[in-house]
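Q: Please arrange chain B on chain A, whose structure you already have, making use of the hints.
So the protein sequences, as listed, match chains A and B.
Under this note's numbering, think of the first position of the first sequence as 1, with each following residue one higher.
Under this note's numbering, think of the first position of the second sequence as 1054, with each following residue one higher.
These are computed hints drawn from the structure, not numbers from a lab.
Derived pair list, reagent style BS3-like, types lysine-lysine, alpha-carbon separation capped at 30 Å:
1. B:Lys1215 / A:Lys868
2. B:Lys1302 / B:Lys1263
3. B:Lys1076 / A:Lys701
4. A:Lys632 / A:Lys81
5. B:Lys1204 / A:Lys868
6. B:Lys1204 / A:Lys701
7. B:Lys1520 / A:Lys868
Quick caveat: nothing in here was measured; it's all calculated off a predicted structure.
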Amino acid sequence: MRKIFFGSWLLSLLFCLPVLAQDVSISGRVTSSDDGSGLPGVNIQVTGTTKGTTTDVDGRYRLSVPANSRLAFSFIGFGTKEVSVNNQSTVNVVLTAGSQSLDEIVVTAQGIERDKRSLGYSTQEIDGSQLSQRSEPNLLNALQGKTAGVNITGASGAPGASTNINIRGITSFNGSNQPLIIVDGIIFNNDVNNTQNTLFGSQPSNRLADVNPENIESLNILKGPAAAVLYGSRASAGAIIITTKSGRNNNNKTEVTVTSSYNVQDVYGIPKFQNDFGQGSQNLFVNNSTNSWGPGFVGGPTSVTNIQGQVRPYQAYPNNVRDFYRQGSILQNTVNLAGGDVNRNFALSVGNTTQQGVSPNTKFVRTNVQVGGETRLNNGIKISGTVSYVQSVQDGVVGGNGGSAFGQLTRIPRSYDLTGEPFVDANLRSVYFNPTIINPYWSVNYTRQKGQVDRVFGNFIVSKDIKPWLNVLYRVTGDTYTDRRKFTEAIGSGRTPLGAITQDNYFTNELNGDLIITAKTNKLFLEGLTGNLILGNNINQRKFQNQTVVGASLNIPGYENVNNGTVFTNSGESSTLRRLVGYYAQASLGYNNYLFLELSGRADQSSTLPQNNNTYFYPSAAVSFVPTDAFKLDSKILSYLKVRGSVARVGRDADPYLLNSVYTQSSFGNNVASIQFPLALAAGNIPGFGISGRIGSQNLKPEFVTSAEVGLNVGLFDNRIGLDMAYFDTRSTQQIFDVAVAPTSGFDNRTTNVGELRNRGIEFTLTGTPIRVNGFKWDVALNFTRIRNNVVSIIEGVEQSTIVGGSFIGISPSIFVGQPYGVIVGGANPRVQSTDANGANYDPTGQFAGQYVINPITGGFAPTLAGKVLSNLQQNYTAGLSNTFSYKGLALTILADVRQGGQIFSFGGADVRSNGSLFVTGIDRDQPRILPGVIPVTNADGTRGYRPNNIQLSAQSYWGGLGGLGSEGAVFDATVYRLREVALNYSLPKTLLGKTPFGNISVGVSGRNLLFYAPGFIADPEVNTQGAGNIQGLDLNGQPNTRNIGANIRLTF
Amino acid sequence: MTINIKKIYLLTPLLLGMGACSKFLDINVTPNNPTAITPNVSLPAVEAAAAFANANELNRFASVVVQHLYGAGGGPAATDIYVTTGEDLNNQWQGELYNGVLIDAQKMIELGDANNGNAKAYSGIGKILKAYGFAVATDCWGDVPYSQALKGEANTQPGIDKQEDIYKGNQAQNIQSLFDLVREGLADLDAPSPVKPGTDDIIYGGDLNKWKLAGNSMLLKFANTISRKEPELARTVINEVLTRNVYIKSNADDMNFRFGTAINSQDPRYTYTILSLFRDDLAMSSRFQGVMQGLSDPRLPVFFTRPGGNFLGFDNGLRATLPSSTTWSRYNAYVIGAGGEGPVRMLTNFQRAFILAESALILGTPGVPQTLYAEGIRASMTLAGIPVAQIDAYVTANALTGTTQERLAQIMTQKYIAFVGNGLEVWNDVRRTNLPRLQLSQNAAGIDGTPQVRLQYTATERTRNPKFPNPGPQTNARVWWDID
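Extracted from the complex, chain A is given alone in its bound form:
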């Protein structure tokens, strides 16, 4: 109860604040600096209050305000301007286009609208128009290359495949590192529900895929904990605030917008193959081999007999991999209907996206319906709400090593006519060159996952200005969906030879209630000092359920129903429930619009922590200072300068149910052979349970992310050049992590608070308008990010630990002290070293240090050393460069980006090289080769030394010797330069539209992923088979990326 009294006490303090002065009536016109035309719909707000209006169709406005107040004029795409009323009755304002990044009203945590100049931390706004009509149905992908400090990687070009997003690096060893997503104030679930092992599964969506990019008004990225602290624990990885189109400020007009686009998709980034040598080994034809080390097409046999006993010409099929894929398409249609004025507005939106993927039998269909509105009652109560319904249907096919189409596409001999040969026999079994391998066509037709998400989310907000300076708001939001999946593995499939039908139902539900009390004043104790106090309370509940029914061992071919199964042992259920109660407060002070201080704090009480220790508090402070205003530095060159700094700490709770050790239904074995309790035995069904591999902890504490940030905003030449720069240093401590323990302890890992993770980074956005003459304009935006992530410590005696989620044939995505998060650890080829005289492979002379040690008998690498870092995905830097050229109604945007450095671990890359199908393996194939390295020798005097390797190997032994799937040989440089996006748009001149019902017509063409150059990899390194999540930088035989090209049209009337 003490807390309530504390809250009431704060409230009563608010009532004691000074009362405002007398009102005056003012009017004026807002015009554009570009052409002097009136700007309709400009938002005008009396700073420090909720009072305001918008301009009419000619840019005029009228407003009654206190005589000493300041007005803020803001309009999307234009710089915000603040003006003091000073008893004037007419205030005309010219807004400057193209300086949007410097100073404008932005939506911050908890939906609080703030003048950007007052923020002591970094945010980045993306206008809806930058996401719309971009040949890309996935919102996150559409953001790629456009933001600083944000890393976005798609899983693949598969329709609906998930996309990973991390803001300012990975901050949690084990927890979600995806930012919190907020759509219209609704905490929006962006999970990926993985039915199958992520190493093997199809690629399910992250649920942000349920948002239609065409319906987005604006998107704001809160990058650091300081920005997001009011959202609490879950925003410690940052937050993305999405505002959909609402119809607000439409000047009482109703506007209908229709957007429509059609894109074609082609597979892009297939490796370059050799076409000189066919199926076989050691220069001999072998009809069931996955290798292309057979005889040459020139000089080899003219025909060969396949495993079915048929004679076939022995020749290259240069496009046998490429032709597996088809041309995909994306059709998008959206209708928005919106209208309203400052007191009332409504919006309806209906959209449909239908994507057919490049892999056969893949598609993604999304249908969105949204209804929303807002009204102010006569008694001053403001009520608003939105409800959205989304249906997303995703048809996918499985990937991964071994029994998947994509696991076999990298193993097709160059002489196999994949598209020409049959893939299925009369019994619906796979037909292929090797009976124990499944034909890729068979896989995509008979091992498929279909899913349907039905989702409803919405908000309901009631607020009232109890006093002109005091507002009370209550907001309820809900987000719930079911995801119903059917995974079919027909009889004869690679991983499940007897077949199985899996029916998976997911249900998630999140409810939030927020009470927010806001008090503002323009004059706090002294002239020019503004104050703003927010008190809030959040109640949160999250529910998750999953039921799985697996009907295995099928009998009737083609009957895709669980009832076709005879064994159901892998069926089960799982559910979680978690709750959190949070209290937050924020006090903001501003002095003469050039000095700002913001103090925030939040206390959370979480159900997932031990009850005696489940409450934790965390604060933040942010300062912003605008010297150009403070010292009246306004010059022709330096038009704006702001320096800012912030420190913040955010706590994060645990996942549910980590406190106890539990028992699980026993199972033994892996994909090769396994048993699963209950066992069906002659005596009946026998249950079996054993202790789970995870050791729980009753002493868990919240983990914390502490971040410091300094930044700079500079505007030059009347803000024609703008720079927004930030340096940050983030430390994550007492991480809740399942630390790997030695298997001989009887367990696999234990949950505890461990270690420290540090992220340091620099990011900047440079915007400019190099040319603006005679209606022609060239805008440039460059963003740059460099983040250094480092695992500082784990726990005493533990140097490395596997990241929960997957390890495969000897490689484990891991945390490793002194390394960035997520390095891939495995068996490394030993190298000569000259630092440890007692260690293996020591070379006192130092001349061979770093060279591989070669086995003197075989000429191959010496036996591997376990537990070494093989692959490091951390990029040196990423940068995106956007150029927009506009002339009259014509606009051309070209976005290129680069990811410099980092490595990818690729099964596909190792595959096509070691099996002799990659282009380089066909060059000088008859020539012997020598693996790089040195051979240990014993010198005449008994000391040990090394000599250069001189053991010649055949091309097959050499390329194979570089390493296969789980080896160091599967590591490639992931640097990639990309022409990400080109969009050409033409808006028909208004003069042409005069007599038509249309207010606006624009047509455009756009393309995505048009070109890429990856000097160190055989394909496009920007893939990640694990999808969104903490494991990145793996290409375990997933689907390739695509190139999209299309046309679009937008009509408003």
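A: Positioned in the frame of chain A, the structure of chain B alone reads:
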């Protein structure tokens, strides 16, 4: 003060949230897993884990090394040319042994001892199976964590015990010998136990007397394993068991684990060789075929199939284009069951007879070698369903003759034949006695071109446990009991 009323109304959600906080937030008990179990659901898992550990990849590995099987592809092909690394077999080390049968047995022992030991029978079975699991671990990997293992959070990086100490015990270091662990288990079986196993005991159906036979026979097996290194100790243990006169004497007493015929319940040897994507990685070894045909042994068609009408095996290490896999000889129903039920023969009557024959011959323990040897053959052939007349003829034709070493070779060869499907036991014997003499595989590679005589510590353990040497002993380093 009307405003205050409104204010309080708006605070209602806050009050609801806080007033009920303790209950509202007291929801962190998982509905998905039990936090406590009873021994009757533990025992099936312990038994299945023991059988699975024996029959899964360790059997694939060992059966190829001892040339029962030929490695045609994948991992078995590498095994066949003696290439085995520390990346291999972690699933066995971790999933099947330490995080499988061993920890499950440990937990079952604790459950049996709880509640004033009202389920001591479970503790007894648990100790026997725990000893079995540790024997598998140390026989394969040599020195392994034992006395410090399975302690969970109390010791997350257990130290390694010497194989010698594991088998013999070491009072100074507080290491209990495997023999004493089994003896303790036998004592538990004799103790009162109000809660007893029934149908949950897949191996013996709750017959505790049979567990006593198995426990004593396990003592014989352990003694046999160390008999060349520690003949005195072996002799003492064998005499102790013979004096007690409680051990497996009939095929009906065999410690067999019988799987089911539905998928997810099947013997891994069946799943691997018949169903899986990797089924063509294994075939019969033509060398084993040669041994059997040299003896005109009627068990060959019982052990291996003849899909093309003839036996088709391959020479170990052979690298060539093979005929269609549909014609290969594979494990027959004797080993894997007609529908995948197995059984896994963990301790058998024929094994006991051959052990006693060997020790009568070498250690001079009671019994006549020829009688015990013939008993072993008869037991095996009876299991294989060979008609009595044929058995008689075979026993007569293969009577023990010659020098001690020649007779030992006959005993070991018969044990080698009888244990098809349990590669681990054969691998132990082959390493221990070098009998039967196996020829090197073609294309022999690996560390130095010699057969594996131990497994390398797994990469996972070496990575997570600094008490392990890295890289550690290679596959050509003999274990303690393997003296030559």
